[in-house]
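**Student:** Listed here are the chains, written in short residue letters.
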Amino acid sequence: MRPAPSSRPTRTAGERPQRPAPRAARPGRRRGPFALLVALVLLAPGVAAAQGEVRVYAVINEDDARLLAEMFTAETGIRVSVLRASTGELVSRVIAEAGNPQADVLLGGPSAQHIAIAETGALAAYVPPAAAALPAHAKSDEGFWTGFYVTSLGIGVNLERFEERFPATPLPATWDDLLNPEFAGEIVLTDPVASSTAYLFVQAQLQRLGWDAGWEYLERLAPLVGQFPSSGGAPPQLVGTGEYAIGVAYVHALARYRNEGFPVTTIVPPATAGEVGAVSVVAGGPNPEAARRFVDFVLSARAQEAFAAQSFTTPLNPEAALPEGVADFAAYDLIDYDAELAGEQRDEVLMRWQQVVD
Amino acid sequence: MSLVGLRKAFGATPAVDDLTLHVPRGSFTTLLGPSGCGKTTALRLVGGFLEPDAGRVLIGGVDQVGRPPNLRGVGMVFQDYALFPHLSVRANLEYGLRMQRVERALRAERVARAVALLGLAGLEGRYPHELSGGQQQRVALGRVLVLEPEVLLMDEPFSSLDAQLRLRLRAELKALQRELGVTTIYVTHDQEEALSLSDQVVVMDRGRVQQVDSPEGVYLRPANRFVAEFVGQANLLPVQVTATGSAAPAGGLTLTALGRPLSARLPDERRPEPGARGLAMVRPEHVVLLTDDVPPPAGGWRAAATVRARSFHGGFERYWVELPGVTEPWLVDVPLGPSLGGTTPASGRPAPGASVSIALPAFAASWLW
Amino acid sequence: MTAGLRSLGRLWRFDRGLLLAYGLAALFLLGFVVAPLVRVALEPSAADWRQVLTTPRWQRAALNTLVTVGLSTTSSLLLGTAFAFAVTRARVPGARLFSVVPLFLLLTPPFVSGLAFVLLLGRRGLLTYHLLGLETSVYGLHGVWLAQTLSFFPVAYLVLRGAFLAVDPTLEQAARGLGADRGQVLRSVTLPLVTPALLAAALFIAIGVLGDFGNPMLVGGRFQVLATAVYTQLTGWASFGTSAALGLVLLVPAVALFAAQQAVQAATRQRFATVGGRGAGLPAPAVAGWLRWSLFALCVLVTLFVLASQGVVFVGALTRLWGVDLAFTLEHARYAFGQVGGLGNSLRFASLAALLCTALSLLVAYLVQRGGVPARRGLDLATLLPAAVPGTLLGVAFVLAFNGPPLRLTGTGLIIVVAMAISYLPVGYRICAAAIEQLRPALDDSAANLGASKLRALLTVTAPLLRPALAATFVFAFVQAVGTLSTVIFLVSFDTPLASVTILNLAEQGSWGRAAALASALVLVTVAALALLYLVAGRSVRLWGFSRAGG
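Residue numbers (our numbering), protein chains in the order written: chain A, 154 to 511; chain B, 49 to 417; chain C, 69 to 619.
Source of the hints: derived by calculation from the structure; they are not laboratory data. All C-beta atoms, glycine included, are put in the ideal place defined by N, C-alpha and C. Hints are supplied without guarantee of correctness; some may be wrong.
As the list claims (entries may be wrong) - Distance windows between CB atoms, simulated:
1. C:ARG508 - B:ARG216: 22 to 30 Å
2. A:GLU442 - C:LEU592: 54 to 62 Å
3. C:VAL106 - B:ARG161: 57 to 65 Å
4. C:SER256 - B:GLU198: 48 to 56 Å
5. C:ALA596 - A:GLY205: 32 to 40 Å
6. C:ARG508 - B:ALA410: 48 to 56 Å
7. A:GLY205 - C:ARG164: 53 to 61 Å
8. A:GLU272 - C:VAL106: 21 to 29 Å
9. C:ALA115 - A:GLU442: 35 to 43 Å
10. C:GLU505 - B:ALA211: 32 to 40 Å
11. C:ARG164 - B:ARG161: 47 to 55 Å
12. C:VAL604 - A:GLU313: 44 to 52 Å
13. B:ARG146 - C:GLY379: 49 to 57 Å
Isolated chain A (complex conformation) (with noise of 0.2 Å):
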């Protein structure tokens, strides 16, 4: 680099005149109040009608968010603004933002979570009409959240990774392939600490297994996992790419993956555990009477049938038809699920489950 001539006067003394500098330094042109004119009108605050509007945080799918949120205005004429993020964002959004809620609805997210959010009060109690015809796993007792999907744990796999990592090993059909050691880094896991996904599956083999074989099977299992990422997202993403052979999520996650190209294949073993995903309407929300339309909306069949078709998760309201390529949650074997225990042995297993891992 050539240095550039300095533009400060030397002290060299004499008449001789000086070193010519840069054309760097000329008088500045006041641009001050343009500056502060601009920042006026870009700071003006997004005026939002406040009536004919919903403001829909949704964990789920950004295009499965958008396809209800399009038939719903479709529909009441109401507008619908949707704030996209992960569970473990909005939910802590939602228990932040107590007392100033920005959002409407909850749409998405383990019922876990939505039970979580309820205790700290940021939940408003509506029990929409479709909900009389909901089993009662799949609903509130107090009105807080309402179930509109089902989904399960399953078991994704790269077939190009794992034909080519375990030429002679045929796919893992239960829970307990999984502890086949030659697996050792090549499994992909939420770290339940982080992930209510992961979580579940703690509890799965806890419930399935019994207490002791349960920690037992964790033991053995997790020093195969190659990698513990915090979001549930993350074992889909990674099993796609082939950055790992198998990864533990939920089937409606892996089959998006699978719709959008990637090579996964999704494996549903026996005594699986099953998670609603609930909608809820948030406390003191700027649009409590739009809230509830569209809670109403979201679990009315036609909705149900929809959404199910591009979310791969089974619908709830029993007046909804399968669509081509949902599972049939009857077909699937299911353990019979305490969530309330779950929720209880909470900070206990967590504790111990840091211990097994570390």
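On the provided structure of chain A, position chains B and C as indicated by the hints.
**Tutor:** Quick look at chains B and C alone, frame taken from chain A:
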């Protein structure tokens, strides 16, 4: 303008200690002293860039202490000019007027006057880095003068210029100051500059004022050894007071030096006790080197000396001579006339090692406190 | 205290403009830096603290954090210094081209570069698997180390480049003249002279590594650090208490590092007082041939990697599905450029935040160094404090602090702008403070002498002279804010979507093509915005020059 009991310390050491000074309106006053003597600190106290620990700065009878620099009405020319490098000459000159929200027409008029006064015509559009040192200096001065300050402060404004240019600008500055009649406080460590420019010279050392007097006063009647040695060259002579008679002109003094009587000047009103021992000072050009051509001055003081060294200085020749009983060698400056002819410059003059006699005319010496 | 009151009194009497600016700056820092942190500090209960301090997993995370800070800071410094040396002193071929390469890394949103990192070096990475046939795992400490080195070395590069340019080559020539060989000149003159810059860069990088959660999240594998724990505690089970406690634990080493750097700097300030002032046009002595060519090789290597990681993203944007179906498609690009709102917000908010950050950096740096105001130390500290706060924690602190009276900001664009500005304030402040330090105080004094109040002196003299530093601050804050994720992820709202957050969501749900397309679009519009700025502001804005203003 007056400074009353100004005091400023940095840490434990006082930079300015009990500075009291009256600066007459329209005068050119110089603060003279070695680096670190507190002269720049004093200037900064006046300008408001520092706040004193004690004392007052009175301008037109109003205490300025506590006022920020921008409200004091004093103009300052900085050592390295501190021209704004991003502004043209015109914008630099206009800067202060803009700050005081002087209207455009008046601004243009005053700038035009400064440009004419300082010979900056044609340079208005240039930037500081495109100017020579002397031009920069003029812009720095003009920038202050357009504000028509009550007091002008200058901090060694010529120190970064070469000798020739310095001489020329010095003369220009003196003429300009006379013409405008602006009260000026000038800081320098160059005694020649101080003597040639000032109406009043303030010699400072270690934060304290040593002497306040006219240029002639500080040179011919230095108050003490520090002033004597700092302002010009000084030959020191141990003396004893014999009489403080009022008979001697100008409140003179009679002394005994090296066993011979000697008459001396007094720097101020104080009178030493008869019998007191002390030092007197003689300027080198006032010492007479006695040769065949030079007769001893009448009624003068004489001493024997040995030449140690000799050097040629153009207008005069300087001898280092040793006096028995005096620790420091004396300097003797002998003016050189055209008779030297340039052939063998030192012919007929004492060479190193030669024994010579020196003499002092009456009142060539000055008593040092 | 009384001295402080006295100086306030003087300001009130003589310079109310500056007093107002001081009050606003102090209020801003109190309100947006100190208050949110206090709010967060109140969040954890005693039980949360006990849990955080006694859980072995987090003790290990803390240890891991220290390890990464040590390793990544050292390697980033080495790489950044070598790169800066290569383009300023070694005069490698193509130095002009190489000098902008590290800045592309700054410009790429961190999440995108992390993604590119996995795509290139992951188990199925383009380089590792497809080209080299390696089946290496990038996940773990070594991956984090590599990724952090690549993310943080541009910071070292920027700081050191400015420092090398400021070293007077005459000194090096003088050392040559005194008989030092090339290596000795480097060791005994050049490197010691840039020590203050090295220290400053080390501090920024170390604190950046402390708070970095993106890289460990993507390539850490089972290797956990505290910053990821802060994030997962919050997003996993909404454990605000433990998350805040972990974040506060992170503050401890950050503050310690800061204090250490200050102490070393204070102790060595005198020795480096002579740095600065370019010599009388003397070129620096040439470096040894072998060194020059190894540095050249290093530059080429880094450049290739930067090109590859940008290329991967662009290719990903134009293919159906990266790694699976490489058919060309414009579908993702169409989607990306349909996200006008998010892209527009990203640019709008980032430019406003950069403006705010620049103005505040200048104001505080001026107040602290030249303002003669009370509580300068506090001002200094409050400005540097955000550097020690992990982005996620800052975001949550903002939600908690500004969700109700006295200041309700959640859901507005303002909260995003302020959070972004706060995040880059420490770096901007440092840039401005260093530049002011090099301006002769006489310029300020003479402005005051000519009748300018301090505020007007700042606006008419200091600010114009600091234009290169201000431009550097603006550009740094702007490019970083465009790509930021951790801070704003909790602050985006229905009306204020941001492209960076959308990219994360897209990648998370597996829509990699769209994520890559949006990321490419973001990079393109950012470059376009910078080009526009360059054209408008003219040559006076040396975009990347941390060069010093004349004095």
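**Student:** Work down the list of hints and note, for each, if the structure agrees.
**Tutor:** Comparing the hints with the structure gives:
no.	hint	in the structure
1	C:ARG508 - B:ARG216: 22 to 30 Å	holds, 27 Å
2	A:GLU442 - C:LEU592: 54 to 62 Å	violated, 43 Å
3	C:VAL106 - B:ARG161: 57 to 65 Å	holds, 59 Å
4	C:SER256 - B:GLU198: 48 to 56 Å	holds, 54 Å
5	C:ALA596 - A:GLY205: 32 to 40 Å	holds, 37 Å
6	C:ARG508 - B:ALA410: 48 to 56 Å	holds, 53 Å
7	A:GLY205 - C:ARG164: 53 to 61 Å	holds, 57 Å
8	A:GLU272 - C:VAL106: 21 to 29 Å	holds, 26 Å
9	C:ALA115 - A:GLU442: 35 to 43 Å	holds, 40 Å
10	C:GLU505 - B:ALA211: 32 to 40 Å	holds, 34 Å
11	C:ARG164 - B:ARG161: 47 to 55 Å	holds, 49 Å
12	C:VAL604 - A:GLU313: 44 to 52 Å	holds, 51 Å
13	B:ARG146 - C:GLY379: 49 to 57 Å	holds, 53 Å
Going through the hint list in order, the structure does not satisfy hint 2, though it satisfies all others.
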